Amino acid sequence: MADKLKFTIDGVEVQAEHGQTILDAADAAGIYIPRLCAHPDLKPIGSCRICTVVVNGRPQAACVQPAAEGMVVENDTPEMLEHRRNLIDMMFVEGNHFCMFCEKSGNCELQAMAYRFGITAPQYPSQFPDKDVDASHPDVMMDYNRCILCTRCVRASQELDGKNVFQSIGRGFGRKIGVNGRQALGDTDLNVDDRAADPTICPVGCIIKKRVGFEVPIGERKFDHEPIGSEIEKG
Amino acid sequence: MSAKKIIIEPVTRVEGHGKVTILLDEQQQVTQARLHIVEFRGFERFIQGRPYWEIPVLVQRLCGICPVSHHLAAAKAMDGIIGVDQLTPTAEKMRRLMHYGQMFQSHALHFFHLCSPDLLFGFDADVAIRNVVGVARKHPELAVQGVMMRKYGQEIIKATAGKKIHGTGAIPGGINKNLSIAERDELLKDIDQMIEWSRAALKIAKDYTFEHLEELKDFGSFESNHVSLVRKDGAMDLYHGDLRAITADGETIFDHLDYQDYFKYIAEEVRPWSYMKFPFIKSIGPEDGWYRVGPLSRINACDFIDTPEAEEARKEFMAVTDGKPNNLTMAYHWTRMIEELHSAEKIRDLLNDPDLQGTDLVVKGERREESVGLIEAPRGTLFHHYKVDENDQVTMANLIVSTTNNNTPMNLAVEGVARKYLSGTEITEGLLNHVEVAIRAYDPCLSCATHALGKMPLEIELRDAEGELLDRKAR
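Taken in order, these protein sequences are the chains called A and B.
For the first sequence, our numbering begins at -14 and goes up steadily by one.
For the second sequence, our numbering begins at 2 and goes up steadily by one.
No wet-lab data here; the hints were simulated from the structure.
Mixed in with the good hints, there may be bad ones.
[To be verified] Example chain A residues on the side facing chain B (calculated, C-beta under 10 Å, incomplete):
id	residue
1	F83
2	C87
3	A120
4	H122
5	G157
6	F158
7	G171
8	T173
9	K195
10	R196
11	G198
12	V201
13	P202
14	I203
[Said to hold, decoys possible] With a straight-line cut-off of 25 Å between C-alpha atoms, the simulated SDA-like cross-links for lysine to any residue are:
id	chain 1	residue 1	chain 2	residue 2
15	B	K159	A	V197
16	A	K116	B	M397
17	A	K207	B	E184
18	B	K165	A	C84
19	A	K207	A	D124
20	B	K365	A	K161
21	B	K159	A	V201
22	A	K195	B	E184
23	A	K195	B	R62
24	A	K194	B	F47
25	A	K161	B	Q49
26	A	K194	B	V364
27	A	K194	B	N179
Please read these numbers as outputs of a predicted model, since none were measured by experiment.
Glycine is no exception: its CB is placed at the ideal position from the N, C-alpha and C atoms.
Chain B with its partners taken away, still in its complex shape:
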């Protein structure tokens, strides 16, 4: 009997489009799983020739879910292009507020609307119930909280960037507005409620993980390296810091690297079946040098969190693995909610900081030709790298987005789940569901399109080595 190929397409309740192929050997054993990224965006090419000051507004169009991350990563790179290494306190804190607002709304969207159906109803529940509408029917208070938390984050983005989606706040060297007293007071009204709801969401994610710990240990989990930005003192810092990489055991691979030199330590490999590249740590090589990014890696990599409630939650999380890095794929949900609480605490602190009403918004410096901007986006470390010529036009752009960093891990997670849940050559609903749940843990952003309802038709094809269709299943 010849080798077979199982294709799952499209993958629902992730941001964008993806397709999964599971390759079988002649004994019907899973040999490899591939998450194909079939969309090609071309941003790196078509921003060439554009003026550098336009880039932070232009590149955020990559995404409608976390545009602020691209906006700020590009703005940080353009700070470097105009020779600015230190912003004014008002500018930096406004950008941080924008970023925490973004983190808060994006994590809320993922947890309540995309992932909670899986956690609340179980991976095998009927797809007709296991979606956000089902959550709204059975747990209306949670659905409302999700909407209100997302709205709150969006209001912060509007107050700092001018619009809820695709604003213009960050400009090279600073910011174009401060926070008015009226805007501040409006946001302060609801912050305590947001913190309370974040605590409750964290508890759901934590309790779920504890209750299902044995099952989740085998669910698409594997040991991996972890990469994250950390502050100089080792604290978690989602806006700025140095690069740190650790092994699955917590050993240091590199630490306190200036991210302007990222390309000396991280490279990208191209594979013919995906438009998404495969990044790896150069010193280890492409085979074993891949790593994870995002909430799980950030919590694993940092020494502490500088807000009290999130720090308590981090300690509790790390205690599960005796202080060593946690490598469970499904632990992403728990860590994402630790960050949700951290973001809410940070927003509260910033709203009470009078620097946000300052009027010193922009600084200028000596023009440079090349610069890198990094930020911890909701889904992980985001790299923006640009070269700008003497006419102020961009000549080179390299973007390594968070989901790209998680490319190999997502493939491995799918492979692990397929090995466990595929029996024979029959495609079951259970297999489909589990593969999707594994991918969804990484909150991948496969493009700017969203399919939050989970109602897209799901089609699987079973093909032999010659590409002949053996079986097809759709729902």
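Next comes chain A alone, as it looks inside the complex:
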């Protein structure tokens, strides 16, 4: 067996380790495949479907699909662009995302993704769901209005903190992130220094550290100057 296998993404030849996912191989090759639920420190689960690519004619989630010799992957095509734009759009209208006063603005991966895809206003009708704010924890707050159900907090708590603070509960439109089942955040053993509470784990402004707010000025936030994915594309 050769050391590395070869496949193509949009006609460009890419090398991959055996067992490596398409997403990881693309990252290593400087090709950005958009994603929201994937995080480099967490096991992938293929939940958000933003990273969907066409592999040998069939759609697959690049974050969980292992690369294989001779694969033909389509990533940056008009069809996939449209598909991703629709998914992002749906995430906006299924929550209450008010970027204008959200402290995650400029650091928010969902917002940055919308900017990358040129979405300036949602095309679907907003659902305006009735969501809670859980401010019961002394140092961490959850604003469910902004949750996109990526489950990065669930995995970070389990895989990195060795805890089980967050879980995915309910089904369909009623699905939400629970804390210790249906308790309040203040009743859990979540610590402000846990990775699950780290602002780089939650891609949006749902889990935030209290009393930080707008400490970082406009112009110094992560996506103020370059679109999301630039760090990968620069290699």
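Put chain B on the given structure of chain A with help from the hints.
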């Protein structure tokens, strides 16, 4: 013959939407004028439950013209919530710079774009000419100055808050950035020009008032109390101070009140025909306790201005009334331009202050449950009052915005003008124009929408006591 009702809707060249109803008695005499505020915003309710540190950024969305005022009033209240009574010099001066930039651009917008058509062309001029496009055609240099002055103020806001509109600069306990040398030098390049243009605008407003003094004395003018923040030493201070209230004659009603206790001295009355409340001074009562705020009241209430050119202009203004308060509605324009010059002088002084390059930006203190933030916004005293629970969530908010403080005065101004210019039951262009000019003197901010071109259709309806339409006029 039964009583009649005349409705003017919408009112053009003010910020937002308003509607005027003039009520007539059976002898066709004006009995009352009502400026209806028909929009309902609901901010006080829907910010409940939000974390306190979010509020300065959230509430500024009330307005796109003077969001900085709400941003800073809320930030001042949140300073109190986290137990901070004194900011670092860098933080306070950055906020002041932001505020003077805001005052400068808002006053420039009002004077050049909203009010100058009335002053330059006369109240009765054709509406097709009497607008900002007309100003641009006949006085292109003024139109350009207005745009450039507004732009300069917006650039200051961007340098202090991160964006020209709806930035994030002020945070509880301080500010999130200082002013870089590059930003400072960029702003210093144009400040002398801004001061010169402010002098020229002040002269236009002053000369206009002198030339039309006799006519303006009767134009929607009336005696009133005046409320303003003033510095401890009595100086005008647009960012911070104590509450002072004076009568129309200049007698003190209250002075040097800590605004944390504002609710002990000021209350609000609700009337069924408007979403806007009617504030009054408690010790005098709702009937006579109403007051004016804004540039006219600030100049009337302060003992002096701490910048030389604006102080000279203030003295000249006060000399017209022998040092007593001036109660002319149209004097708002003159005083607004005194403040424009004062703001430009303050901006120049601050840009030359090395404290703005300091790095000590935020202080913290002991959490409190309740706090009030006041500021002198372009349109007048702005009150923000909040309660925050142990989970850091807002549980109560009360906002008395500048235009609300001027509610009764605006109604009286309209009533006065209607009495003078309404003859019979016929609705004339002249009546429409004069009513609008009177309202516009207060630079009311009726919502965040703007209609600066003055091209909105203007419709008046004449209805009898039963609500039957008798006449309608539109343009």
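> Which hints, by number, does the structure contradict?
Replying inline: 5, 6, 8, 20, 22
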